[in-house]
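Student: If you want the building blocks of each chain, they are given just below.
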Amino acid sequence: MLDTSSRIAAIQAFARSSRVTAPEWIAWIAMAALIVVLPKYSALYAEIASLALFAVSLDLILGYGGIVSLGHAAFFGLGAYTAALFAKHFINDPLIGLGVAGAVAAALGLVTSLLVLRGADLTRLMMTLGVSLMLGELANKLDWLTGGADGLQGVAMGPLLGRFDFDLGGRVGYAYCLTVLAIVFFLSRRLVHAPFGYSLKAIRDNRLRAMGIGIDVNRRLAATYTLSAALAGVAGALVAQTTGFASLDLFDFHRSADVLLVLVIGGTGYLYGGIIGAIVFKLMNDMLSAITPQYWQFWMGLALVVIVLIGHERLARPFAALSARLSRGGGGGNARDVP
Amino acid sequence: MLTILFDGIAYGMLLFVLASGLAVTLGLMNFANLAHGAFAMAGGYLTVVLSNRLGVPFLLCLPFAFIVPALIGAAIEISLFRRLYGRSHLEQVLLTIGLVFMAVAAIDYVFGAQQQFLTLPAFLKERFEIGGVGIGVYRLFIIVICGLLTLALQWILARTRFGSRLRAAVDDPRVASGLGINVNRIFLTTFAFGCGLAGLAGALGADIIGLDPTFPLKFMIYFLIVVAVGGTTTVTGPLFAALLLGIADVAGKYYVPKMGAFIIYGVMIAVLAIRPQGLFARSGAK
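Each protein sequence line maps, in turn, to chains A and B. Per the numbering used here, residue 1 is the first one in the first sequence, and the count goes up by one each step. Per the numbering used here, residue 1 is the first one in the second sequence, and the count goes up by one each step.
Hints in this document: simulated from the structure, not taken from any laboratory. For clarity, every value in this text was computed on a predicted model and none was experimentally measured. Incorrect hints may have been included.
[As the list claims (entries may be wrong)] Simulated restraints on C-beta separations:
id, chain 1, residue 1, chain 2, residue 2, range
1, A, I291, B, W155, 49 to 57 Å
2, A, I291, B, I78, 27 to 35 Å
3, A, D249, B, R275, 31 to 39 Å
4, B, I156, A, I183, 27 to 35 Å
5, B, R275, A, R19, 42 to 50 Å
6, B, A270, A, R207, 21 to 29 Å
By construction, the Cβ of each residue, glycine as well, lies at the ideal position given by its N, Cα and C atoms.
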């Protein structure tokens, strides 16, 4: 067992690694300031924020759990439909709907985690893909409930906190999305810097050894998968609530592929990748679809190919790589002190 | 009833030939190639262009539907996939998804988003009955061709020198190359051959399973099901999986059209939940 001094040192190390740094504060304040400085594009910001949340949820299982999912859109779509249906038939308060959507998605995540954790990579790809396709098909066939291929229309959201109505300009929507993103993000950040997060990294890097030091691998991964599903559900709910619409497209394979691309652009395994990737992806998407409305997919595909060829590691965490190079070049011997 | 079974078998055989290349690359070489359907699509569009626009007889198109995708496959193997054999599945998945998106958009750009129709020669369009079972000549044609291909495939993998070299290269590339086997060339040949088979099946299937730019995405799950459910240690595993899938799909669409593709996904999830390594995996295989 650990003696007291090394225990304190360990706690301090954890605290240090999870401290929020100045650049992070600036970034978050800048994101919040957009609502006052440049409110014209608030709807786009809201889209970016919900996509970022979706990507952060995927990062938890991909970047920390090491599970490649081809069907994360299952939870995204389920959250969106749950939020929309809940508002339509029961209570149209956004926050309650958000909680319900997250809970339903978490339940599906818990059930499917049993399936996903069995077998090797290939089986996992199939399982995740199969679950998302199945839900998409279900939403298509239950047209009396979901509106089928026409999408679920006529969702009237109530005012946020009983006071702020969702406006057409999307300012309330953005404020809402950004707040949820921030809360979820800092909770996840706390989690991955806690011993739980370190055990996940251990599992990702070497499953056998992680088992060897007594980590219950399956249970940890199941917990992470469930949490990730819940967050993806919340992201989907945000989309449905801010747009007042849910469609089959939310379950589509390209959603799962897009969010993978987002994460690859931003880098996996440090949570900010999801946000950076979402910003780059949406701006790219907007620009490309302005130039070639029909064929922007081609350029997205090309981006994926190029990213993989250049090297995932070099592109992942570009800022970390940059700062490492800077400290190596400038700091000289000091660099060795940095763990 | 028997007609449905017959159609299901034809569909299943087609799926098997479509997926057989993937069974080798994904199953044996452990390369997660999601872009496999793009090669099938290439074969299909090539046949449509040759026979509908240039007036080449359908049967003469088929060799081209094999050769051209095989050459494209070889080029892509050399330029892209070869670098990724040792990398993680995530990177393989990302690269091949990227290729699928590019293929879908490119075909959409050149041919438009609409469904392509293949005009079959008249003698293939006939139908006849044996003991009350309606049999389409074209489906019979598909069963015969795909059956022959299956036998040939089994023979190549199990009986020829190339087959044993391939198995050696897959089992342990280092030792195999130490024994003087050119592993790169073996993989290249195998990959190109698999792409050719996919192209051929894409051409044969254009009339039955349809052909439009989203083909690689629509059928990706079918290929993966065949490979994942069938296991990859034998040819017979994927064959049975493909037949099962084909019959279940045709019967499902006929008897319970409301359920749609639901049955297939359900069956797949059930099978993989019970046997994560596939239905026909040998226990003790690596």
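Student: Evaluate each hint against the coordinates.
Tutor: Status of the hints after comparison with the structure:
1. A:I291 / B:W155: 49 to 57 Å: 52 Å, holds
2. A:I291 / B:I78: 27 to 35 Å: 32 Å, holds
3. A:D249 / B:R275: 31 to 39 Å: Check passed, 33 Å falls within 31 to 39 Å.
4. B:I156 / A:I183: 27 to 35 Å: 59 Å, violated
5. B:R275 / A:R19: 42 to 50 Å: Holds, at about 48 Å.
6. B:A270 / A:R207: 21 to 29 Å: Holds - the Cβ-Cβ distance for B:A270 and A:R207, about 26 Å, lies within 21 to 29 Å.
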